[in-house]
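Peer 1: If you want the building blocks of each chain, they are given just below.
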Amino acid sequence: MGLSLELRPQVEAQPEAPAPWRFVPPRQHLTRRNVWGGLLLLWLASGLYLVSTDQQAVVTRFGKFHRIETPGIHYHWPYPIEQIHKLTADQLQAATIGGQPADGALGRTDPLRAQFLTGDQNIINVRAVVQYNVKSPREYLFRAYDISKTVGAAVESELGREIAGRSVDDVLTTEKIKIQEAVRQRAQTLLDSYDAGVAIYTVNIDRTAPPDEARDAFADVAGARADAARIVNQAEGYSNDLVPRARGEAQQLLESAQAYKQRKINESLGDASRFTQLAAEYSKAAAVTSHRLYVEAMEQVLPRIRKTIVDRQGGNVDLTIIRGERPQPRPATPASPQR
Amino acid sequence: MHRYRAWIGAALGLVILWATFFTVRETEFVLVTQFGRPVRTVTAAGLNAKWPFQNARYFDRRLRVYNPRPSEFLTRDKKNLVIENYVCWQIDSPETFVRKVISEANAEARLHDVVWAGLSAALGNHDLESIVTPDPARTAAGRIFDRLTEETNSAALAQYGIRVVDVRIKRLNLPQQNKESVFARMRAERERIAKQYRAEGEEQALKIRADADRQKEEIVSVAYKQAEQTRGQGDAESTRIYGQAYSKNPQFYKLVRTLEAYKKVLDDKTTAILSSDSELLRLLTKGQ
Numbered sequence: 001m002g003l004s005l006e007l008r009p010q011v012e013a014q015p016e017a018p019a020p021w022r023f024v025p026p027r028q029h030l031t032r033r034n035v036w037g038g039l040l041l042l043w044l045a046s047g048l049y050l051v052s053t054d055q056q057a058v059v060t061r062f063g064k065f066h067r068i069e070t071p072g073i074h075y076h077w078p079y080p081i082e083q084i085h086k087l088t089a090d091q092l093q094a095a096t097i098g099g100q101p102a103d104g105a106l107g108r109t110d111p112l113r114a115q116f117l118t119g120d121q122n123i124i125n126v127r128a129v130v131q132y133n134v135k136s137p138r139e140y141l142f143r144a145y146d147i148s149k150t151v152g153a154a155v156e157s158e159l160g161r162e163i164a165g166r167s168v169d170d171v172l173t174t175e176k177i178k179i180q181e182a183v184r185q186r187a188q189t190l191l192d193s194y195d196a197g198v199a200i201y202t203v204n205i206d207r208t209a210p211p212d213e214a215r216d217a218f219a220d221v222a223g224a225r226a227d228a229a230r231i232v233n234q235a236e237g238y239s240n241d242l243v244p245r246a247r248g249e250a251q252q253l254l255e256s257a258q259a260y261k262q263r264k265i266n267e268s269l270g271d272a273s274r275f276t277q278l279a280a281e282y283s284k285a286a287a288v289t290s291h292r293l294y295v296e297a298m299e300q301v302l303p304r305i306r307k308t309i310v311d312r313q314g315g316n317v318d319l320t321i322i323r324g325e326r327p328q329p330r331p332a333t334p335a336s337p338q339r
Numbered sequence: 001m002h003r004y005r006a007w008i009g010a011a012l013g014l015v016i017l018w019a020t021f022f023t024v025r026e027t028e029f030v031l032v033t034q035f036g037r038p039v040r041t042v043t044a045a046g047l048n049a050k051w052p053f054q055n056a057r058y059f060d061r062r063l064r065v066y067n068p069r070p071s072e073f074l075t076r077d078k079k080n081l082v083i084e085n086y087v088c089w090q091i092d093s094p095e096t097f098v099r100k101v102i103s104e105a106n107a108e109a110r111l112h113d114v115v116w117a118g119l120s121a122a123l124g125n126h127d128l129e130s131i132v133t134p135d136p137a138r139t140a141a142g143r144i145f146d147r148l149t150e151e152t153n154s155a156a157l158a159q160y161g162i163r164v165v166d167v168r169i170k171r172l173n174l175p176q177q178n179k180e181s182v183f184a185r186m187r188a189e190r191e192r193i194a195k196q197y198r199a200e201g202e203e204q205a206l207k208i209r210a211d212a213d214r215q216k217e218e219i220v221s222v223a224y225k226q227a228e229q230t231r232g233q234g235d236a237e238s239t240r241i242y243g244q245a246y247s248k249n250p251q252f253y254k255l256v257r258t259l260e261a262y263k264k265v266l267d268d269k270t271t272a273i274l275s276s277d278s279e280l281l282r283l284l285t286k287g288q
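Protein chains in written order, with the numbering used here: chain A, 1 to 339; chain B, 1 to 288.
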């Protein structure tokens, strides 16, 4: 419409100036208006923006906080009226306290960054990693000059305080989890008191080590603990070996005693039975039986022994003869079977 | 000519507009000065206006963390302690700030002086043990720094227009020259603990061994006792049985037993001189 209005004078002017190149300036004139309109449109269009799913956008109007926009397509009044600040609110950011992890991997340490003083005045190297994200976009953006420095300082301060309140053994062994949790809570309280708009997600102590100067001594303590366990285990082994054996031995004693007892009783019962039967027969013919038994016994005994038979028909016997003619041991005579 | 005048007018208008309105961001304070003299401070963010001949100076109002260099302090019990602290501060009054301090770096230098003086005074009143202690309930560090924060804040606020939000210890350490002795002490302490562990292990092991030995003696001796009792019972029983049987005919027992004994006692090393009168041989010599 505007174009046709502008065109009219040019069309009217044409008969007076028939030169063919005269039609160029009007087009220039025409376009100038269009350019302004286009620029205005462009300026207005520049207010369109996209907030992706992991983001939040804070809009300020003339520098003043105005609103927070969630993911989606939005419009803001273009510069210089409104400005947007996009934030990846849920993304965790990390800060390291006590030297950079990369330094540790390369074997470099920065003692002054990593050393802490424990409650029992030992020096210990601690490195912790803190992860945090945005709790409140408004504070996060506008409150602190350097968020990571602020978070680092707060966590380091609380970490130092927790370590200064504990003994070196506790820090190195049992209390690590407790320290982490305490540091997280207290640093969060501290940062809230600064209105930093930060939420601490975790505080993770990823390295606790005695200083190099005393490392071997600390290692020796671990060794001593292992030694003690080994010695105790050996003793347990000794005990486990000894006691069952003793029980076995005891059982053996008991069994052999029991066997002895039974044998004794059975033998005596046998002997007694034999005797009783013999005695019954004996009393029926005492003289003959006693003589028989005597002679039978002598039959068994006498063949084995050396004997000298002396006939003492009155007078004494000179026993010296025995010494002279010592009879050689007889060739073995088959002795009558012993019972 | 008419068209150019319009252009010039528009440009002039723009410039005046530009010089009149200014925005104050959330992170800023603006000090409006007129020919160098502070007129007013704008603390609320948003669009503001001033006279075009006035100037706007912007100050960052955000919270800053200043880490002074670690410095050495002497405690009441004459021990050295290296303290690394941090100071959280922000500009509170741009007017005072611009008059006394001018720049942020300068502000931190001033803060360092104030904090250092306060800290050395505070530590001079406390023993090392009341700051570094394994018992968190007894530590005075929290109180020291709370007071230091207050004092620093009131001083800085009045003098420099700076608000000190917090002064805190970041790290406690010992001076380098003392560390050697600390390491030596730590080593000695570790050696003591190592010895203690080993000795305690030994102690426990000895106890276990002694206990095992005792158990063994006990088990075996109890068994011995029972075994001997059993044997005794066997012996007693057998004696009773023999006695019962033999006492029925003592004479016959004597005979039988003696003959038995002869069979055992007399062997091939025995030499017997037998009289022909003997019971066995009487027949040999006398024929009757």
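Watch out, some of these pointers could steer you wrong.
Said to hold, decoys possible - With a cut-off of at most 30 angstroms between alpha-carbon atoms, the simulated DSBU-like pairs for lysine-lysine come out as follows:
id : chain 1 : residue 1 : chain 2 : residue 2
1  : B       : Lys207    : A       : Lys264
2  : B       : Lys225    : A       : Lys264
3  : B       : Lys264    : B       : Lys248
4  : A       : Lys307    : B       : Lys263
5  : B       : Lys179    : B       : Lys207
6  : A       : Lys284    : B       : Lys254
7  : A       : Lys264    : B       : Lys248
8  : A       : Lys178    : B       : Lys179
9  : B       : Lys179    : A       : Lys264
10 : A       : Lys135    : A       : Lys64
11 : B       : Lys50     : A       : Lys64
12 : B       : Lys248    : A       : Lys176
13 : A       : Lys176    : B       : Lys264
14 : A       : Lys64     : B       : Lys100
Bear in mind the hints are in silico, worked out from the structure with no lab data behind them.
Peer 1: Evaluate each hint against the coordinates.
Peer 2: Against the structure, the hints:
{"no.": "1", "hint": "Lys207(B) x Lys264(A)", "in the structure": "violated (43 angstroms)"}
{"no.": "2", "hint": "Lys225(B) x Lys264(A)", "in the structure": "holds (18 angstroms)"}
{"no.": "3", "hint": "Lys264(B) x Lys248(B)", "in the structure": "holds (25 angstroms)"}
{"no.": "4", "hint": "Lys307(A) x Lys263(B)", "in the structure": "holds (15 angstroms)"}
{"no.": "5", "hint": "Lys179(B) x Lys207(B)", "in the structure": "violated (41 angstroms)"}
{"no.": "6", "hint": "Lys284(A) x Lys254(B)", "in the structure": "holds (17 angstroms)"}
{"no.": "7", "hint": "Lys264(A) x Lys248(B)", "in the structure": "holds (21 angstroms)"}
{"no.": "8", "hint": "Lys178(A) x Lys179(B)", "in the structure": "holds (28 angstroms)"}
{"no.": "9", "hint": "Lys179(B) x Lys264(A)", "in the structure": "violated (84 angstroms)"}
{"no.": "10", "hint": "Lys135(A) x Lys64(A)", "in the structure": "holds (20 angstroms)"}
{"no.": "11", "hint": "Lys50(B) x Lys64(A)", "in the structure": "holds (18 angstroms)"}
{"no.": "12", "hint": "Lys248(B) x Lys176(A)", "in the structure": "violated (92 angstroms)"}
{"no.": "13", "hint": "Lys176(A) x Lys264(B)", "in the structure": "violated (87 angstroms)"}
{"no.": "14", "hint": "Lys64(A) x Lys100(B)", "in the structure": "holds (28 angstroms)"}
Figure legend: structure checked against the earlier numbered hints; hints not met, in rising order: 1, 5, 9, 12 and 13.
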